[in-house]
Amino acid sequence: MKPARAAWLFLAPALLVLGVFFLLPVLGALGLSFTDYDLYALADLHRLRFVALGNYWALLHRPAFWAALGHTFYFVAVGVPLSLAASLGAALLLASPLARCRAFFRTALFAPVVTTAVAMAVVWRYLFNTQYGWANHVLGAIGIHPVDWLGDPHWAMPTIILFAVWKNFGYNMIILLAGLQAIPRELYEAARLDGASAWRQFRHISLPLLGPTLLMVTILTVSGYFQLFAEPYVMTEGGPLESTTSVLYLMYEDGFKWWNLGTAAAEAFLLFLVMFAATLALLRWPRRSGA
Amino acid sequence: MMPRLARALVNGLLLGGALVALFPLAWMLAVSCMPPGTANTLPPPLWPAHPTLDNYRQLFAHAGMWRYLGNSFLISGAITLLSLTCNLLAGYAFAKLRFAGRERLFRSLLGLLVVPAQVAMLPLFLLFKYTGLVDSYAGVVLPGAATVLGIFLVRQYAQGLPDALLEAARIDGASELRIFTTIVLPLLRPVIATLAILTFLAAWNDFMWPLIELTGQDHYTLPLGLAAMAREHTAGTESLMAGSVLTVLPVLLLFLSMQKYYLEGLLLGGVKG
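If you're matching them up, the sequences are chains S and U in order.
Under my numbering, the first residue of the first sequence carries the number 1, and numbering increases by one thereafter.
Under my numbering, the first residue of the second sequence carries the number 1, and numbering increases by one thereafter.
Accuracy of the hints is not assured; some may be wrong.
Among chain S residues calculated to face chain U with C-beta under 7 angstroms, some are [to be verified]:
hint, residue
1, Ala6
2, Ala7
3, Arg100
Here are the simulated distance ranges between beta carbons [to be verified]:
hint, chain 1, residue 1, chain 2, residue 2, range
4, S, Glu189, U, Leu165, 49 to 57 angstroms
5, S, Arg284, U, Gln159, 26 to 34 angstroms
6, S, Ala182, U, Pro162, 21 to 29 angstroms
7, S, Ala182, U, Pro36, 48 to 56 angstroms
8, U, Leu267, S, His204, 20 to 28 angstroms
Just so you know, these hints were derived from the structure itself, not from any lab.
Ideal Cβ placement from N, Cα and C applies to all residues, glycine included.
Using the sequences and the hints given, assemble the complete structure.
The following block contains the structure:
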């Protein structure tokens with residue numbers, strides 16, 4: 001058998017799976033978003049109508065969609081910088097020559113990443129319980145009045161953000177740690193001989209050399225955070241007062257609770273467009289700042 | 001800064017961080033062993049005064065926990081096996097077998113990574129509805145049976161295999177399939193371990209697609225069963241914590257026993273940008 005023929009046989013299972021269960025549905029979603037596919041069409045396909053950009057037009061005039069987009073942006077805009085700061089801080093501590101028991105600390109800090117989001121979100125709900133939760137108990141000890149974490153529309157999203165940071169910071173920590181360890185030791189030694197402080201070493205050696213890695217983890221984290229769903233589903237059910245309803249949560253409800261699949265497909269595509277635009281903007285960013 | 005002070009600061013911060021990272025896990029474990037109703041008291045207890053396994057017993061006896069546990073193992077195991085097969089074959093082909101359009105095809109596959117998985121979920125549900133696969137194991141397993149990231153990982157690793165070895169086998173008249181199974185697979189062992197644990201953990205923790213696809217409790221995985229319990233507001237804190245422990249513990253133990261492979265995979269996947 002010729003290698004080329006063997007190659008196609010080897011590729012066939014994977015291409016078949018990706019084609020039928022991913023590429024085709026993605027194209028299907030685009031088609032779906034141009035129709036009014038709903039409960040009636042689900043029962044009888046003859047009721048399906050082509051509405052062109054009607055779903056998109058309707059969404060752009062629907063306050064609930066803009067609100068969901070706003071909540072998602074809030075989660076990304078606050079959650080990503082906090083996550084990255086926690087990851088970078090932890091990576092710097094682990095990379096420090098002064099750190100002891102490095103393997104233990106690395107495993108402990110990484111553990112939340114491998115846990116199941118749904119299960120830990122359930123735990124979080126009780127840790128941030130207004131009456132019996134540890135969060136308010138600890139705050140009470142230093143004289144702060146109890147906060148209605150998940151019941152107050154102003155606090156519910158910050159609570160979810162805290163959870164996401166706790167759950168995810170270990171992932172980027174590992175990647176940034178590898179990046180830090182790849183920086184040649186001599187650079188720091190030379191800087192020390194010149195009398196550079198720890199801060200100046202970080203600012204002028206670690207940060208610039210970590211730049212490409214930081215950009216990559218930022219892009220991956222932004223894409224991940226735009227896909228907020230399980231946390232509000234378990235912790236708040238999108239509430240209180242819809243304050244934690246993300247775009248995906250809205251898509252899930254529109255699609256699988258109300259069976260407005262055409263609308264939901266349009267929501268999915270708009271989210272995709274927003275994510276794509278965010279990625280492009282991030283890729284252009286370093287060029288503009290001249291780094 | 002004085003070296004001793006700096007050392008205390010670095011290690012103190014690490015200790016504080018580890019405490020914050022582990023506290024929810026420890027608290028979950030402690031509460032899961034408390035008798036019903038005793039967790040919600042003031043001040044909130046840290047340790048069960050009278051440890052008990054009743055919450056676990058109740059879950060297994062009345063809440064269908066055996067089923068969820070079995071489903072989770074079945075689904076995650078099947079996804080791992082199938083996707084290993086597909087990804088290994090394809091990743092090796094992209095790395096070592098020459099054919100027209102190889103680089104272009106691979107680049108188009110990487111392009112798929114830009115599209116979030118949720119875009120495909122609505123039509124996928126309809127596809128399965130019309131083929132009768134809604135609420136079936138197959139409906140959860142099949143979409144995960146090959147992944148672009150997995151193919152990418154295998155290709156990265158397989159590119160390092162010596163061509164001379166493969167050429168020698170070809171001259172000896174070995175078929176491509178035989179070369180793959182007897183020469184290539186043993187050499188790929190480290191990446192197989194990495195991919196297996198990454199895939200299993202991701203499948204175990206997956207939530208949104210199973211939630212859409214599995215409409216009946218009989219096929220529920222642990223995360224689905226737990227989320228349903230949590231949203232019904234009928235189960236007590238202690239029994240929900242026991243359910244959370246059962247959901248988290250298998251993957252946590254698996255991670256601890258294969259940490260090296262997991263972290264390597266994370267770094268390999270991380271360089272793709």
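Identify every previously stated hint that the structure contradicts and give their numbers, smallest first.
When the structure is compared with the hints, only number 4 turns out to be violated.
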